[in-house]
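Student: Spelled out from the first residue to the last, the chains are:
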Amino acid sequence: MYEHLETAANRDTLKRVVVDPVSRVEGHGKVTLLLDENNKVQQARLHIVEFRGFERFIQGRPYWELPVLVQRLCGICPVSHHLAAAKAIDQLVGVDPESLPVSADKLRRLLHFGQVLQSHALHFFHLSSPDLLFGFESDIGKRNIIAVLTDYPDIGLQGVKMRKYGQEVIRMVSGKRVHGTGAIAGGMNKALSKEERDYLLADIDQIIQWAVDSVALIKKVHCANLPYYDEFATIRSNYLGLVKSDGALELYHGGIRAKNAAGETITDHFDYCCYNDLIHEEVRSWTYMKFPYLLSQGKEDGWYRVGPLARVNNCDFINTPLAEAARVEFKAHGGGADSLSAAALPPSLAVEAMVHSTLAFHWARLIEVLHCAESIKDLLHDGDLLSGELVAQGEKRYEGIGVIEAPRGTLFHHYQVDENDIVTKANLIVSTTSNNMAMNESVRQVAAEYLSGRELTEPLLNNLEVAIRAYDPCLSCATHAVGKMPLQLELRDVDGVLIDKLVKHSDGEIERA
Amino acid sequence: MPETKPVLVFGYGNLSRGDDALGPLLLEYIERREKPVLRAVEILSDFQLQIEHALDLENRELVLFVDASVVCGHAFDFVELAPARDDSYTTHAMSPAAVLAVYQSIKKQTPPPCFLLSIKGESFELGEGLSAAAETHLAAACEFADGLLDGLDVAKWRHRAQEKPH
Chain A
1 MYEHLETAAN RDTLKRVVVD PVSRVEGHGK VTLLLDENNK VQQARLHIVE FRGFERFIQG
61 RPYWELPVLV QRLCGICPVS HHLAAAKAID QLVGVDPESL PVSADKLRRL LHFGQVLQSH
121 ALHFFHLSSP DLLFGFESDI GKRNIIAVLT DYPDIGLQGV KMRKYGQEVI RMVSGKRVHG
181 TGAIAGGMNK ALSKEERDYL LADIDQIIQW AVDSVALIKK VHCANLPYYD EFATIRSNYL
241 GLVKSDGALE LYHGGIRAKN AAGETITDHF DYCCYNDLIH EEVRSWTYMK FPYLLSQGKE
301 DGWYRVGPLA RVNNCDFINT PLAEAARVEF KAHGGGADSL SAAALPPSLA VEAMVHSTLA
361 FHWARLIEVL HCAESIKDLL HDGDLLSGEL VAQGEKRYEG IGVIEAPRGT LFHHYQVDEN
421 DIVTKANLIV STTSNNMAMN ESVRQVAAEY LSGRELTEPL LNNLEVAIRA YDPCLSCATH
481 AVGKMPLQLE LRDVDGVLID KLVKHSDGEI ERA
Chain B
1 MPETKPVLVF GYGNLSRGDD ALGPLLLEYI ERREKPVLRA VEILSDFQLQ IEHALDLENR
61 ELVLFVDASV VCGHAFDFVE LAPARDDSYT THAMSPAAVL AVYQSIKKQT PPPCFLLSIK
121 GESFELGEGL SAAAETHLAA ACEFADGLLD GLDVAKWRHR AQEKPH
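Those protein sequences? They're chains A and B, same order as listed.
Everything in the first sequence is counted per this note's numbering, starting at 1 for the first residue and increasing by one.
Everything in the second sequence is counted per this note's numbering, starting at 1 for the first residue and increasing by one.
Check the hints yourself; a few may be wrong.
[Said to hold, decoys possible] Result set (SDA-like, lysine to any residue): computed pairs, CA atoms no more than 25 Å apart in a straight line:
id	chain 1	residue 1	chain 2	residue 2
1	A	Lys164	B	Arg60
2	A	Lys425	B	Gly129
3	B	Lys5	A	Arg177
4	B	Lys108	A	Thr150
5	A	Lys161	B	Glu58
[What the hints assert, rightly or not] Chain A stretches covered by chain B per the calculated footprint, using a threshold of three residues with CB under 8 Å from any CB of chain B:
id	stretch
6	53-63
7	69-77
8	146-155
9	159-173
These aren't lab readings, by the way, just hints derived from the structure by calculation.
The beta carbon of each residue, even a glycine, is placed where N, CA and C say it ideally should be.
Based on the sequences and whatever the hints tell you, model everything.
Tutor: The structure is reproduced here in structure tokens:
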């Protein structure tokens, strides 16, 4: 597709543009473009300064500390790490997923639905809606949540309240907003009280309605400019994620399903404990971040996408009615296999079995928000949350693997312990790493199709950020200290001499240096 | 669910990222003091500030944010906050001033008096403890916070905010 833009042939003669860091993503990302004298893009790369110290942070600790400890890996999705670690240490105490007490399993699912709901709500309403509502090249002063709250007060407020609701689900289940101890080895720490259940039930119908409205909004936004939304940053890829045994969308526990760009199954219901037989990670010289690929498909063709777009594309159905109806509509838009219009078309008129639009990540994300809201309501009406056995016990093992669908995609935690229960080996594959190749491809597509040959301006460069933000990358940095997130753009001439520099300070002031 | 207390102390940061722990550690210090005045104080902690924290400001009379800062000029700074549309509203972590701006937007009213206690930090790597300098800064900030909590009074806090440097 756009691989030819990964490495330019004549790099020494090209102008260099740096977008550093990319804003409205978590952590630190940098885009570099090399331009020729006609401003044609000759090379485009997304560099992610990924922290590779996860394993060192975990090794040497007793396994029972992990569910709390790993929450500190990421200030954005601590519950995802908490649950992936909990699933792994379940195995260390000899408890397989099917042996987890029913109440504990349902409490963990409730916790996870709360996490995914609040994470997706933050991403759509806060980080992406300014671009989607005001335009990718709109005035930078407009592209923020405050402007959304001003011009679209209902939508802005819904975002804040949905985010808050998800956080309240987490607080009720785990006892605290952060650093909670909801999940423990072999089960859960506490059941939900009737008071906590009723507190959450009070608002859930409103949350479901807002989720329905948000799906309608993104569909309207997407379809209002269909050719652009279907083509912007769009790439054809493989997709990977968990599914239930019946093929339904699954976020907490299931087998791995991978499909290719044509919608054909590469693997299905694959046991994630054997993930090393399915996925390998390639190292490239120009970035610290690895490039995972499906072993059976090879390095060139085996890269894949994870996250909401992959999950909604991959599953056969969603087991909550409103989200399922939204999924069918979504797939019909892509001409997918579930589409009535697609079924009526002759084979010669090729229809895509998968929705490949990168901006459709937003649509899929909101379908998942709706699924989470419906699932939370179903669970809150389930008496198993209030009572029942919470912890199972088994025979000690020395290796445990936990995999869940985090908001951004499939998350792998793999631990080995010694006879003293100390972690001797840890391996994590986070979802942003899985999307690394795809994000680079999308950056190259945007650079080639929308930037090449045009004079570079901040609104134009925002197009690159829009492509990256669609993936909602989490770059593994929970540090937030004031003064650490400036934006810097540099333009250098063919001799490498700096000819222009734009600096955006942490207080929002933009200065031409 | 418990009723809202009139005073909120909100510390944020990551306990496992070196000096980023300064905010939560100051909260731990306050909780250990077990002062009677704390019956009127709610203590909240999170990794970082986000839009929904605007809702934590509802029905408060006085709010103190506590954070680590790399741009702090002294051991700590204490300032009164005003709503501001700074760059932080475009990230996963917001500044307290931006949270106040969100509050003002959604509530259509001026936020309660809010102050920020910034404690100087310098190293933020995962798995690190506090740096030696941050230990010193934290001790000074704890002593200062003790004084603040002895008088939960907006006028007194404003007066303290005028005293510089800390």
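Student: Please write out, lowest number first, the hints stated earlier that are contradicted by the structure.
Tutor: none
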